[in-house]
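Enquirer: Line by line, the protein sequences give chains A and B.
Mapping the first sequence onto my numbering, position 56 (from 1) lands on 56, and the numbers just tick up by one.
Mapping the second sequence onto my numbering, position 9 (from 1) lands on 9, and the numbers just tick up by one.
Just so you know, these hints were derived from the structure itself, not from any lab.
Treat the hints loosely; a few may be bogus.
Negatives, chain B to chain A, calculated, CB over 10 Å [unchecked claim]:
{"hint": "1", "residue": "Asn54"}
{"hint": "2", "residue": "Lys78"}
{"hint": "3", "residue": "Asp82"}
{"hint": "4", "residue": "Gln90"}
{"hint": "5", "residue": "Val146"}
{"hint": "6", "residue": "Arg154"}
{"hint": "7", "residue": "Val186"}
{"hint": "8", "residue": "Asn193"}
{"hint": "9", "residue": "Ile200"}
{"hint": "10", "residue": "Lys204"}
{"hint": "11", "residue": "Arg213"}
{"hint": "12", "residue": "Met242"}
Computed list of lysine-lysine pairs in DSSO-like fashion (alpha-carbon distance at most 27 Å, straight line) [to be verified]:
{"hint": "13", "chain 1": "A", "residue 1": "Lys38", "chain 2": "B", "residue 2": "Lys162"}
{"hint": "14", "chain 1": "B", "residue 1": "Lys188", "chain 2": "A", "residue 2": "Lys7"}
{"hint": "15", "chain 1": "B", "residue 1": "Lys230", "chain 2": "A", "residue 2": "Lys8"}
{"hint": "16", "chain 1": "A", "residue 1": "Lys9", "chain 2": "B", "residue 2": "Lys162"}
{"hint": "17", "chain 1": "A", "residue 1": "Lys15", "chain 2": "B", "residue 2": "Lys167"}
{"hint": "18", "chain 1": "B", "residue 1": "Lys188", "chain 2": "A", "residue 2": "Lys15"}
Computed beta-carbon distance windows for the label pairs [stated by the list, open to error]:
{"hint": "19", "chain 1": "B", "residue 1": "Ile3", "chain 2": "A", "residue 2": "Asp70", "range": "43 to 53 Å"}
{"hint": "20", "chain 1": "A", "residue 1": "Met34", "chain 2": "B", "residue 2": "Val146", "range": "25 to 35 Å"}
{"hint": "21", "chain 1": "B", "residue 1": "Ser99", "chain 2": "A", "residue 2": "Ala50", "range": "49 to 59 Å"}
{"hint": "22", "chain 1": "A", "residue 1": "Asp70", "chain 2": "B", "residue 2": "Glu199", "range": "35 to 45 Å"}
{"hint": "23", "chain 1": "B", "residue 1": "Ser161", "chain 2": "A", "residue 2": "Ile69", "range": "18 to 28 Å"}
For glycine and all other residues, C-beta sits at the position ideal for the given N, C-alpha and C.
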Amino acid sequence: MFPWSKKKKSASIAKDRLTIAIMSDRRNETYPFMDDMKAEIIEVVRKYIAVKDIEITKEREGDIEALSIDVQLEV
Amino acid sequence: MGIVIAVISGKGGVGKTTATANLGLGIAMNGEKVVVVDFDIGQRNLDMILGLENRVVYDMVQVMDGEVNIKQALIKSKVNPDLSFLAASQTKDKTVLDSNKIKELLDNLKKDFDYVILDAPAGIEGGYEHTIEFADAAIIVVNPEVSSIRDADRAIGILDSKSQKVKDGEEVVKYLIINRIVAEMVQKGEMLNSEDILEILNIKLLGKIPEDRGVIDASNQGKPVILKDKSIAGEAYKRIAMRICGKNVKMEDIERVDVSFMNKFKGIFK
Chain A
1 MFPWSKKKKS
11 ASIAKDRLTI
21 AIMSDRRNET
31 YPFMDDMKAE
41 IIEVVRKYIA
51 VKDIEITKER
61 EGDIEALSID
71 VQLEV
Chain B
1 MGIVIAVISG
11 KGGVGKTTAT
21 ANLGLGIAMN
31 GEKVVVVDFD
41 IGQRNLDMIL
51 GLENRVVYDM
61 VQVMDGEVNI
71 KQALIKSKVN
81 PDLSFLAASQ
91 TKDKTVLDSN
101 KIKELLDNLK
111 KDFDYVILDA
121 PAGIEGGYEH
131 TIEFADAAII
141 VVNPEVSSIR
151 DADRAIGILD
161 SKSQKVKDGE
171 EVVKYLIINR
181 IVAEMVQKGE
191 MLNSEDILEI
201 LNIKLLGKIP
211 EDRGVIDASN
221 QGKPVILKDK
231 SIAGEAYKRI
241 AMRICGKNVK
251 MEDIERVDVS
261 FMNKFKGIFK
């Protein structure tokens with residue numbers, strides 16, 4: 001078999017694609033308690049100021065993992 | 001005390017209900033007392049695969065709500081007296097499920113049966129979480145196909161975070177069944193092989209089921225394929241059932257069918 005006649009088999013393409021997709025899925029996965037936490041944060045903030053909505057996202061850059069909480073205020 | 005095993009998948013249509021029916025029968029064939037419970041509330045399918053749809057009178061939601069006695073709702077299989085079945089409700093939806101009631105139902109079943117097998121609803125919504133909540137073990141069913149594998153990973157993730165066993169600091173045992181393998185395609189590199197799937201999902205293998213047209217023929221008749229003689233899928237289910245019952249059965253390599261030999265063989269008739 002000549003090297004240039006070697007076509008990549010679809011199973012190995014599937015493996016590569018899956019590995020990347022699953023890695024990214026696992027990173028983005030939210031915590032199971034996210035909804036409860038969000039409701040509680042809204043309650044606390046509402047004591048002081050009118051809140052429209054809160055958005056919590058889990059972020060990761062390199063080794064650092066962070067939760068970013070965006071509080072949208074009522075206008 | 002019996003063991004509760006949830007049969008789950010990320011995506012629907014991978015053969016989860018077929019696997020539940022065949023494993024239930026297969027375990028009963030090993031002389032153990034088994035009950036299979038259809039947790040797919042609102043979608044009742046397991047009764048059809050088992051050929052018991054005409055005998056369903058009461059369902060598990062009625063049992064959980066205390067409307068009927070559990071003995072009244074259990075249906076005994078005609079082909080094997082060690083297998084019983086508890087039907088899903090068709091009229092109610094998944095929101096009727098309540099953790100305390102599920103625990104009570106499962107605790108009752110564990111007293112009378114060696115194995116309690118739960119057919120989970122497809123996907124990872126509410127009904128799924130309830131199915132895995134009190135399971136001692138989970139069997140994940142996938143097809144050697146990208147979307148089924150990706151979704152299975154999410155289902156496993158939820159299993160690892162929501163099961164009561166994990167919350168108690170114990171381990172929920174989990175194993176993979178790869179269903180609908182076409183050996184010829186694996187050999188040609190056109191289908192993911194089992195080693196790759198296990199590596200991607202980071203999970204242990206319970207067994208491999210080859211693609212078998214007999215499975216549809218079997219469900220047409222309401223007789224699980226494990227009852228058929230010489231069925232390749234049926235034989236695979238028998239091996240898996242024996243493994244679940246603690247017997248040491250060699251992992252038969254259904255992916256390494258000698259294609260070159262088959263081609264030579266076909267060549268004789270050309």
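Enquirer: Against this structure, judge whether each hint is valid.
Expert: How the hints compare with the structure:
The beta carbon of Asn54/B sits about 40 Å from the closest Cβ of chain A, which is more than 10 Å, so the claim that it is off the interface holds. In this structure Lys78/B is separated from chain A by more than 10 Å, as the shortest Cβ-Cβ distance comes to about 42 Å. Annotated as non-interface, Asp82/B keeps its C-beta farther than 10 Å from every C-beta of chain A; the closest such distance is 37 Å. Once the 10 Å rule is applied to beta carbons, Gln90/B is consistent with being away from chain A; the minimum gap is 29 Å.
Non-interface call for Val146/B relative to chain A: violated, since the shortest CB-CB distance, roughly 5 Å, does not exceed 10 Å. Under the 10 Å C-beta cut-off, the non-interface status given to Arg154/B relative to chain A is violated; the minimum distance is some 6 Å. The Cβ of Val186/B does not lie farther than 10 Å from every Cβ of chain A; its closest approach is about 7 Å, which violates its non-interface assignment. In this structure Asn193/B is not separated from chain A by more than 10 Å, as the shortest Cβ-Cβ distance comes to only about 7 Å.
A beta-carbon of chain A comes within 10 Å of the beta-carbon of Ile200/B; the shortest separation is about 5 Å. A cut-off of 10 Å between C-beta atoms confirms that Lys204/B is not in contact with chain A; the least separation is 17 Å. Listed as a non-interface residue, Arg213/B keeps its Cβ farther than 10 Å from every Cβ of chain A; the least gap is roughly 23 Å. Here Met242/B stays apart from chain A, with its beta-carbon at least about 30 Å from theirs, past the 10 Å limit.
The hinted pair formed by Lys38/A and Lys162/B meets the criterion: a straight-line CA distance of about 18 Å does not exceed 27 Å. Restraint check for Lys188/B and Lys7/A: satisfied, since their Cα atoms lie roughly 12 Å apart, inside the 27 Å limit. With a CA separation close to 36 Å, the supplied pair Lys230/B and Lys8/A exceeds the 27 Å bound. Taking the CA atoms of Lys9/A and Lys162/B, the gap is about 38 Å. The hint is violated against a cut of 27 Å.
At most 27 Å may separate the alpha-carbon atoms for a hinted pair to count; Lys15/A and Lys167/B exceed this at roughly 32 Å. Simply put, Lys188/B and Lys15/A have alpha-carbon atoms about 15 Å apart, close enough for the 27 Å limit, and the pair holds. Our hint of 43 to 53 Å for Ile3/B and Asp70/A holds, since their Cβ atoms are close to 45 Å apart. Between Met34/A and Val146/B, the C-beta spacing of about 27 Å keeps the proposed range 25 to 35 Å intact.
At about 35 Å, the beta-carbon gap between Ser99/B and Ala50/A misses the expected band of 49 to 59 Å. Evaluation of the 35 to 45 Å hint for Asp70/A and Glu199/B yields a pass: the beta carbon distance comes to about 37 Å. A beta carbon spacing of about 21 Å between Ser161/B and Ile69/A agrees with the range 18 to 28 Å that was offered as a hint.
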